[in-house]
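Protein chains in written order, with this note's numbering: chain A, 557 to 1042; chain B, -5 to 433.
Source of the hints: derived by calculation from the structure; they are not laboratory data.
Virtual Cβ for every residue (Gly too), placed ideally from N, Cα, C.
A couple of the hints might just be wrong.
Estimated spans, in silico, between C-beta atoms of each pair [unchecked claim]:
| id | chain 1 | residue 1 | chain 2 | residue 2 | range |
| --- | --- | --- | --- | --- | --- |
| 1 | A | Arg912 | B | Leu146 | 39 to 47 angstroms |
| 2 | B | Arg404 | A | Phe618 | 50 to 58 angstroms |
| 3 | B | Gln25 | A | Gln876 | 45 to 53 angstroms |
| 4 | B | Asp378 | A | Glu582 | 16 to 24 angstroms |
| 5 | A | Trp769 | B | Arg404 | 29 to 37 angstroms |
| 6 | A | Glu682 | B | Pro250 | 51 to 59 angstroms |
| 7 | B | Glu189 | A | Leu883 | 56 to 64 angstroms |
| 8 | B | Asp378 | A | Arg912 | 49 to 57 angstroms |
| 9 | B | Arg252 | A | Gln944 | 27 to 35 angstroms |
| 10 | B | Arg313 | A | Gln876 | 29 to 37 angstroms |
| 11 | A | Arg591 | B | Gln308 | 33 to 41 angstroms |
| 12 | A | Arg591 | B | Asp381 | 17 to 25 angstroms |
| 13 | B | Thr193 | A | Gln876 | 58 to 66 angstroms |
Partial pick of chain A residues on the chain B-facing surface, computed with a CB cut under 7 angstroms [unchecked claim]:
| id | residue |
| --- | --- |
| 14 | Val577 |
| 15 | Phe618 |
| 16 | Met870 |
| 17 | Asp873 |
| 18 | Thr911 |
| 19 | Tyr929 |
| 20 | Met936 |
Facing chain B, a subset of chain A residues (Cβ under 10 angstroms, in silico) [claimed, not checked]:
| id | residue |
| --- | --- |
| 21 | Tyr575 |
| 22 | Ser594 |
| 23 | Glu869 |
| 24 | Asp930 |
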Amino acid sequence: MAAICLAFAIHEPYSLRRYTVFDINENSVYQDDDRSCSQAMYYAQNCYLPMMEILYRHIKRFRDRFSFAVSVSGSALDLFEQYTPEVIDSLKRLAETGNVEFVSEAGPHTLAQLYSTEEFVHQVREHNRRLRRIFGRVATCFRNTELLFNNDLAHTIAQLGFKTVLTEGSPDILGWRSPNYLYNSSIEPQLHLLLRNPSLSQDLSGRFSDTTWNEWPLTAEKFASWCHRLGEEAETVNLFLDFHAFGLRNSRESGIFDFAEHLPDAILASNSLSFMTPKQIIKKYSPKDALASPHSISWNDEGCDIRGWLGNEMQRDAIQSLYSLTLRIRRIGDGDLIHDFERLQTSDFFHYMSTRWFSESQPDRPNPFLSPYDAYISFMNILTDLTQRVSVLEEEKGRKKRAAAKGNGMEESNEKRSQISAKTASMNGSGGNAEASVRGRRAVRKIIGTSSKGATSTVKAAAEPSAERRKRTRVETGSSGKKSEN
Amino acid sequence: MRILMFGWEFPPHISGGLGTACFGMTQALAQKGAEVIFVLPKTNNGGDPGFLKLRSASGTGIGYEAAQKIQLSGNTLWNDSIRYIPIMSPLTPYLTPEAYIKAIRQFSSISHLEARDSLKNGTFTYTLKGGYGPDLLAEVYRYSRLAATIALEEDFDVIHAHDWMTYPAGLLASAVTGKPLVCHIHATEYDRSGENINTQVASIERAGLLGADRVVAVSRLTRDVVVSRYGVPREKVTVVYNAVTRPEVETNYVIPPRLRHEKRVLFLGRVTYQKGPEYFMEAARLVLQKMQNVRFYMAGSGDMLPGLIRRASQLRIGRRFHFAGFLRGEEVNRMFALSDLYVMPSVSEPFGITPLEAMLYDVPVLLSRQSGVSEILHHALKADFWDTRDMADKICAVLQHPALSREIVRNCREEMKTIRWENAAEQLLTIYQSVLGGK
Chain A
557 MAAICLAFAI HEPYSLRRYT VFDINENSVY QDDDRSCSQA MYYAQNCYLP MMEILYRHIK
617 RFRDRFSFAV SVSGSALDLF EQYTPEVIDS LKRLAETGNV EFVSEAGPHT LAQLYSTEEF
677 VHQVREHNRR LRRIFGRVAT CFRNTELLFN NDLAHTIAQL GFKTVLTEGS PDILGWRSPN
737 YLYNSSIEPQ LHLLLRNPSL SQDLSGRFSD TTWNEWPLTA EKFASWCHRL GEEAETVNLF
797 LDFHAFGLRN SRESGIFDFA EHLPDAILAS NSLSFMTPKQ IIKKYSPKDA LASPHSISWN
857 DEGCDIRGWL GNEMQRDAIQ SLYSLTLRIR RIGDGDLIHD FERLQTSDFF HYMSTRWFSE
917 SQPDRPNPFL SPYDAYISFM NILTDLTQRV SVLEEEKGRK KRAAAKGNGM EESNEKRSQI
977 SAKTASMNGS GGNAEASVRG RRAVRKIIGT SSKGATSTVK AAAEPSAERR KRTRVETGSS
1037 GKKSEN
Chain B
-5 MRILMFGWEF PPHISGGLGT ACFGMTQALA QKGAEVIFVL PKTNNGGDPG FLKLRSASGT
55 GIGYEAAQKI QLSGNTLWND SIRYIPIMSP LTPYLTPEAY IKAIRQFSSI SHLEARDSLK
115 NGTFTYTLKG GYGPDLLAEV YRYSRLAATI ALEEDFDVIH AHDWMTYPAG LLASAVTGKP
175 LVCHIHATEY DRSGENINTQ VASIERAGLL GADRVVAVSR LTRDVVVSRY GVPREKVTVV
235 YNAVTRPEVE TNYVIPPRLR HEKRVLFLGR VTYQKGPEYF MEAARLVLQK MQNVRFYMAG
295 SGDMLPGLIR RASQLRIGRR FHFAGFLRGE EVNRMFALSD LYVMPSVSEP FGITPLEAML
355 YDVPVLLSRQ SGVSEILHHA LKADFWDTRD MADKICAVLQ HPALSREIVR NCREEMKTIR
415 WENAAEQLLT IYQSVLGGK
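Generate the whole structure from the sequences, applying the supplied hints.
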């Protein structure tokens, strides 16, 4: 008996605004909130809510015979929480049935793994925590952004305690092997790999509503018969699907919801197949072989590589400039700054800069910019503004430190700082970003609190390093004095 | 295949893009084995490129027989379809008194419509000046007679007329010889003048486009204008995009050391309403607020130039905004090669060959979306001509991010490989075949 492993990927990016050179230093509103909102509402109505309802009914009807895995990106969670909380409720209801396994990922749907391990680990940990908080589930399975996978990822993920990674059934790592078995990583043998079955997954997401396809129209029975045939020799058929396949990439009129309605019946008609989640699969099967992936692979339609996101010079310039700020931003630790920094890492923004798919971006994930060049220009302008914010905050921090070391002039610098953060908070508010403005307000309150009562305590805390520094300078002068004696 | 081509410009007798386009087109047609007889109003000595037969209309003797034929079909044509009323008057709207005096003086020097030079044996001829003088309509009228005579002398299959100046000639030649007529539209009167059109020119344009067996438009944009303004049936209009001829000798221009720390942005074209030079200046003003080490060059001349020079001084950007005047040949190439960005902010541009020329020198281009060439250049930066902030933003981006300009150039170079006159000639030959089949 073979397993059908259904794994849905839920991801929605925030829309970036057309941010021009004239906005730099004038405002830090990077997002087009109207667009994000209307998109979230549209997607919820036409895709998420109806499909989740169908999945819920299946679980109620088939009970333990129907289960699946789902991953929700951090930016999608943010969007749902902000604009369409009913989607979160719907997900919670699915989680309560116990038949849904939640899969973790790099929170803001980023490519951080390729550029900064610290940043990546941080994002994964945060996302794990968030999944547990919202859905009460601890994720043991991981899928990277765009199903990206390489040996380094295997190493990092195994250290984080994950048991399984979902990735693409790319010929690059499979060679002659079939994707329909359980594998493990060659460098981290305890880490299991589940590989997407590219053709069957594509049948559902890409080809389903293509009337020129010779298998069109695809019925649940026909699809199930393919799975059954495959199941005779395979262990696990992995269907990893973008949730957009239901209602967006394939419209309601294409009959995709009817298909989803009838699929479990058709699959479970014979006893040769059963629905299983990654957790169940690694319990039942053992890895057939160890796979290595020195290069990064992804579920990009053509080539399974990362060129769709990092293929041209603009994309690499943008992402390198962004990640070159990582250390500085984490060191400052400013809430608003980190929030914007994480948002900007969403992989979609780099995909918009791709010149390979100029004319044919997916209609359900439209490029909000008129051309890849416009996307790059806006992104670099945003990055310039972000960099300047970083410099300003660094300067503030430095000045504060110096002031603390001197032990006077505290009030003045605190006042200035609270002024600045009040300014950023009001900017976020004007953009309609409720969450950010709440956080801004909190930050202001915090600063006001310290400025009213904590002046002496900060001086105390700062006194120690300054004493140390004095000692160090004394040692240095001593040594240089020795040198001159010699 | 022999083609009788009527055109108003041909290098080196050139004023704008029309001549450049005719040159590239005929050269490619000749390479495909077509014979082209190109009739210009007037040729100076030399300049015959060798791949076609260049004929000067001016001074062609019109014999008795030819005159009769032309008279017969010519008068009906001229009077019925064109309805050009040859009242010779210098009156044009919005003339100031001073300008009127000037116009009157110029007018008195213009010869009468039918002023002819008699030759021996009862033949006669007209003398044409060429170019776009104040008596252009009279020249167009005389050119049509002379061109029709040439048509009676030559042996050919198809008539191909470029722009409205030669449409009467095309119609007349087609009428006297019975050969099919292809009218090529490079720019409509609505592109040149906005809504304040010259009705005489527009009526000639309409007559030519409606009378032609097939119309060739340089872009979808122009096709739409032709269809909506003149009521030409859409299926009669084919779009054939222009292309660009690569220079045979590639010259390497070295940026002088004194200029290396600066960036240069170029506008090159007629300084007239159609080309949107004032939008370029406004964008320059905005860019200079954000960047220091940029220079803007405006090359070309036109009626808006004095006003713009005043404007530059008012804006206090004169130190960074330079007027290079009208450039020719080598100077143009050098200007392109030394630029970091070429901007074409045209208000209305049926095609626009200059961005292609800029791309030959690996210069990234920023086009107005209201241009025909933007239909085929997917990898150029584009902005609406009125959105000067957007334009300024893009100019800053190109100058500040080398990755952007490299990526644009790389992709444009790839794209340029498909933009060739050979392809255009191929399409034209198919059109000739189809109009011949229809006859």
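Hint by hint, here is what the structure shows:
Between Arg912 of chain A and Leu146 of chain B the beta carbons are some 57 angstroms apart, a value that contradicts the proposed interval 39 to 47 angstroms. About 54 angstroms separates the C-beta atoms of Arg404 of chain B and Phe618 of chain A, a value consistent with the hinted range of 50 to 58 angstroms. Against the hinted window of 45 to 53 angstroms, the Cβ-Cβ separation of Gln25 of chain B and Gln876 of chain A comes to about 47 angstroms, which satisfies the hint. Range check, Asp378 of chain B to Glu582 of chain A: about 22 angstroms between beta-carbon atoms, so the 16 to 24 angstroms window is met.
For the pair Trp769 of chain A and Arg404 of chain B, the supplied restraint of 29 to 37 angstroms holds, since their beta-carbon distance comes to about 35 angstroms. Distance hint for Glu682 of chain A and Pro250 of chain B: a CB-CB separation of about 54 angstroms, consistent with the stated range 51 to 59 angstroms. Look at Glu189 of chain B against Leu883 of chain A: about 59 angstroms separates their beta carbons, and that is inside 56 to 64 angstroms. With their beta carbons about 26 angstroms apart, Asp378 of chain B and Arg912 of chain A fall outside the hinted range of 49 to 57 angstroms.
Checked against the hint of 27 to 35 angstroms, the C-beta distance between Arg252 of chain B and Gln944 of chain A comes to roughly 31 angstroms, which is consistent with it. Range check, Arg313 of chain B to Gln876 of chain A: about 36 angstroms between beta-carbon atoms, so the 29 to 37 angstroms window is met. At roughly 39 angstroms, the beta carbons of Arg591 of chain A and Gln308 of chain B sit within the given window of 33 to 41 angstroms. The given range of 17 to 25 angstroms is respected by Arg591 of chain A and Asp381 of chain B, whose C-beta atoms sit roughly 19 angstroms from each other.
A C-beta distance of roughly 59 angstroms is found between Thr193 of chain B and Gln876 of chain A, which places it inside the suggested range of 58 to 66 angstroms. For Val577 of chain A, the suggested interface contact is upheld, since its CB lies about 4 angstroms from the closest CB of chain B, less than 7 angstroms. Taking 7 angstroms as the C-beta contact cut-off toward chain B, the hint placing Phe618 of chain A at the interface is violated, the least distance being around 50 angstroms. With a least beta-carbon distance of about 5 angstroms to chain B, the hint placing Met870 of chain A at the interface is held under the 7 angstroms criterion.
At a threshold of 7 angstroms, the smallest CB-CB gap from Asp873 of chain A to chain B is about 4 angstroms, leaving the interface hint in force. Taking 7 angstroms as the C-beta cut-off, the interface hint given for Thr911 of chain A holds, the closest approach to chain B being about 6 angstroms. At about 6 angstroms, the closest approach between the beta carbon of Tyr929 of chain A and any beta carbon in chain B falls short of 7 angstroms, and the interface hint on this residue holds. Below 7 angstroms, beta-carbon pairs count as interface contacts, and Met936 of chain A has one with chain B at about 6 angstroms; its hint therefore holds.
Using the Cβ-Cβ criterion of 10 angstroms, the hint placing Tyr575 of chain A at the interface with chain B is satisfied: the shortest such distance is roughly 9 angstroms. Hint status for Ser594 of chain A: violated, given a least beta-carbon distance of 23 angstroms to chain B, over 10 angstroms. With 10 angstroms as the threshold, the beta carbon of Glu869 of chain A comes within range of chain B, its nearest partner Cβ sitting at about 5 angstroms, so the hint holds. Checking Asp930 of chain A against chain B: minimum C-beta separation of about 8 angstroms stays under 10 angstroms; hint holds.
Consistency with the previously given hints fails for numbers 1, 8, 15, 22, ordered from lowest to highest.
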